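The whole structure should be built from the sequences, with the hints applied where relevant.
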Amino acid sequence: MSEEEMIEEQLKNNIFLTTVDAVYNWGRKGSVWPVMFGLACCAIEMIGAASARYDFSRFGMEIMRASPRQADLMIVAGTVVHKMAPQVLRIYNQMPEPKYVLAMGTCATSGGPFPGYAVLQGIDEILPVDVYVPGCPPRPEALMQGFMKLHDDIMKQSIKTVSWYQKEEPA
Amino acid sequence: MTNAEILAKLKEKYPNAVVDVPELIDFTVAIEPSALAEVAAFLRDECGLDYMADVTAVDRPERFEVVYHLYSIKDKTSEPFVLKVYLEDKENPTVASVTPLWKGADFQEREVYDLMGINFEGHPYLKRILLWEGFPGHPLRKDFENRTFTYEELKPTRPTEPDLM
Chain A
1 MSEEEMIEEQ LKNNIFLTTV DAVYNWGRKG SVWPVMFGLA CCAIEMIGAA
51 SARYDFSRFG MEIMRASPRQ ADLMIVAGTV VHKMAPQVLR IYNQMPEPKY
101 VLAMGTCATS GGPFPGYAVL QGIDEILPVD VYVPGCPPRP EALMQGFMKL
151 HDDIMKQSIK TVSWYQKEEP A
Chain B
1 MTNAEILAKL KEKYPNAVVD VPELIDFTVA IEPSALAEVA AFLRDECGLD
51 YMADVTAVDR PERFEVVYHL YSIKDKTSEP FVLKVYLEDK ENPTVASVTP
101 LWKGADFQER EVYDLMGINF EGHPYLKRIL LWEGFPGHPL RKDFENRTFT
151 YEELKPTRPT EPDLM
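First to last, the sequence lines map onto chains A and B.
Take 1 as the starting number for the first sequence in my numbering and just add one per residue.
Take 1 as the starting number for the second sequence in my numbering and just add one per residue.
Honestly, the hints are just simulated from the structure, not real lab data.
One thing to keep in mind: the hints can contain errors.
Under 10 Å between C-beta atoms, here's a sample of chain A residues computed to sit facing chain B [to be verified]: (1) H82; (2) P86; (3) L89; (4) P115; (5) L120; (6) Q121; (7) I126.
Please read these numbers as outputs of a predicted model, since none were measured by experiment.
All C-beta atoms, glycine included, are put in the ideal place defined by N, C-alpha and C.
In structure tokens, the structure reads:
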């Protein structure tokens with residue numbers, strides 16, 4: 001049997017060809033760990049999405065990390081008031097790269113029904129948001145749709161160009 | 001002791017302190033601001049009003065009103081005895097603190113100070129309780145322009161916390 005024939009034979013037995021990016025991103029998207037952190041009523045829906053009926057551990061995100069240093073995803077679930085905003089930013093800054101932000105609900109997206117002195121008009125003023133989930137509050141299905149959008153985004157990234165592997169600090 | 005009896009007793013003891021008995025849903029008595037500390041101590045010790053449920057304030061065009069809701073646990077009252085003081089000085093409204101008499105007034109007076117800008121003389125720790133020290137203005141005042149603020153706009157008003165970032 002020639003070498004080429006051997007390779008062909010092997011390929012038939014559970015050898016697959018793929019790209020590094022696809023494998024790497026597939027692994028990453030299947031283990032996105034969110035920070036355990038909620039601000040308002042959206043957090044209740046987030047807890048609903050975590051518990052048995054909806055169960056987002058199916059996405060490999062069963063562990064809500066109590067420390068931002070072990071988390072990849074920040075679900076900003078609820079109204080961000082100005083007094084809380086520096087603390088939210090502080091949690092974000094403690095997360096290691098790669099990190100993603102999901103703005104859950106109308107308040108985190110745009111301030112929602114609170115156009116007043118106390119409320120930050122959208123978390124995107126201080127954080128780079130990857131996914132916005134509309135709703136007041138969004139149902140667990142909507143939150144999981146947001147996770148899947150985030151997974152799509154993760155799959156589009158390339159190990160060659162992602163900012164956290166560059167020699168230079170991202171701007 | 002009923003609220004009417006308390007008022008009669010108060011009028012007897014401090015004839016000049018009561019300035020107004022407005023006809024409101026709750027039994028309300030407005031007193032002279034300078035007499036507040038003395039009258040409050042009298043109401044607590046002599047009239048059985050041992051429980052201070054609320055401190056709040058009203059912004060009227062011509063004055064501020066500070067409102068205290070008093071109950072008696074001892075006499076099991078269900079109707080509040082509403083004590084008011086009228087503060088004519090709109091620029092710098094100041095009134096004596098009742099925290100030395102009712103400990104429960106502590107945080108509520110701080111809230112009134114924070115949101116309405118009324119100074120409570122003799123308060124043990126008169127700092128803002130909901131907003132941070134340095135926030136521009138007192139949001140519950142009628143002349144406060146309620147608008148949205150950006151994060152950057154409020155940043156210089158925050159106390160510096162070097163370990164924050």
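Holds or violated: is there a CB of chain B closer than 10 Å to the CB of L89/A?
7 Å, holds
Could you check if L120/A really has its C-beta closer than 10 Å to a C-beta on chain B?
6 Å, holds
Hinted contact P115/A with chain B - closest CB pair below 10 Å:
With Cβ-Cβ at 5 Å, under 10 Å, it holds.
Under 10 Å is the threshold here; is the Cβ of P86/A close enough to any Cβ of chain B for the hint to stand?
Holds. Min distance 6 Å.
Report holds or violated for the interface hint on H82/A, using the least CB-CB distance to chain B and a cut-off of 10 Å.
Because about 6 Å separates H82/A from the closest Cβ in chain B, which is inside the 10 Å limit, the hint holds.
Restraint outcome when Q121/A is required to lie within 10 Å of chain B by C-beta distance:
5 Å, holds
Interface hint check: I126/A, Cβ to nearest Cβ on chain B, cutoff 10 Å. Holds or violated?
With a minimum Cβ separation of about 5 Å from chain B (threshold 10 Å), the hint on I126/A holds.
In summary, this structure violates none of the numbered hints.
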